[in-house]
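Peer 1: Let chain A serve as the given structure and place chain B on it in line with the hints.
Line by line, the protein sequences give chains A and B. Each residue of the first sequence is one higher than the one before, counting from 1 in my numbering. Each residue of the second sequence is one higher than the one before, counting from 1 in my numbering.
Check each hint, because a few of them may be wrong.
[Unchecked claim] Mimicking PhoX-like on lysine-lysine, the simulated pairs with C-alpha atoms at most 20 Å apart in a straight line are:
1. B/K69 with A/K110
2. A/K54 with A/K33
3. A/K8 with B/K54
4. B/K54 with B/K38
5. A/K69 with B/K110
6. A/K54 with B/K8
7. B/K67 with B/K33
8. B/K53 with A/K8
9. A/K53 with B/K54
Treat the hints as calculated values from the structure; they're not laboratory data.
2 protein chains.
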Amino acid sequence: MLQPDFDKQGGLIPAIAQDAATLEVLMLAYMNKESWEKTLETGEVHYFSRSRKKLWHKGETSGHVQKLKAVRLDCDEDTVLLLVEQIGGAACHKGFRSCFFRELSGSGVKECSHKVFDPKEVYK
Amino acid sequence: MLQPDFDKQGGLIPAIAQDAATLEVLMLAYMNKESWEKTLETGEVHYFSRSRKKLWHKGETSGHVQKLKAVRLDCDEDTVLLLVEQIGGAACHKGFRSCFFRELSGSGVKECSHKVFDPKEVYK
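The following block holds chain A by itself, in its conformation from the complex:
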């Protein structure tokens, strides 16, 4: 099977998660070979946490897992696009549907994503 080229960038590739239904871009995180294989094997998205330096089953704490619907590979084989069902409705640890919840413009910053939960209630 065609695979991402993990060696190109020291073992990690960026992975974009996009809502399979609404097409909203939810987040970007990184995958190593182990998280890639675990994602395909389980059907739930696993990343590699660069801060904790370990496998990260997205939603393991909040319950907001990402169910994999489809996976696409780019022309250079060094980025993947994950089409997902976002359980709980929010991908961002700050409680927003998307991590890209701030839109910048000349006049400042505006919120552009729905706030789904209060992080203080979810991460206790």
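Peer 2: Here is chain B on its own, set in the frame of chain A:
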């Protein structure tokens, strides 16, 4: 103005380009501070080419520039989402609308993006 944190990852951050109208994810490339500023200043997307190690005005060869419609920043300030109008209809140098033109599945690979042009006709 709120800015991406370029220092966090050695000067480069991933930038996702999404079609502002159809919400299709078109490509992922990298930006340094110069390309970020040039993008905001000109309204046309500039990346940093890691292979050529220089500022890359997307579409400079093919004419398929990306007109910036909006820019969003993620919660960690280390990834940007660019909402663009893709002139010419294709972001990928292989002639597809999206660089993510291959969908992987257990049974193999299928094309999942429209082929807009023949690269041999555009890059002469």
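Peer 1: List, from low to high, the hint numbers that the structure doesn't satisfy.
Peer 2: 9
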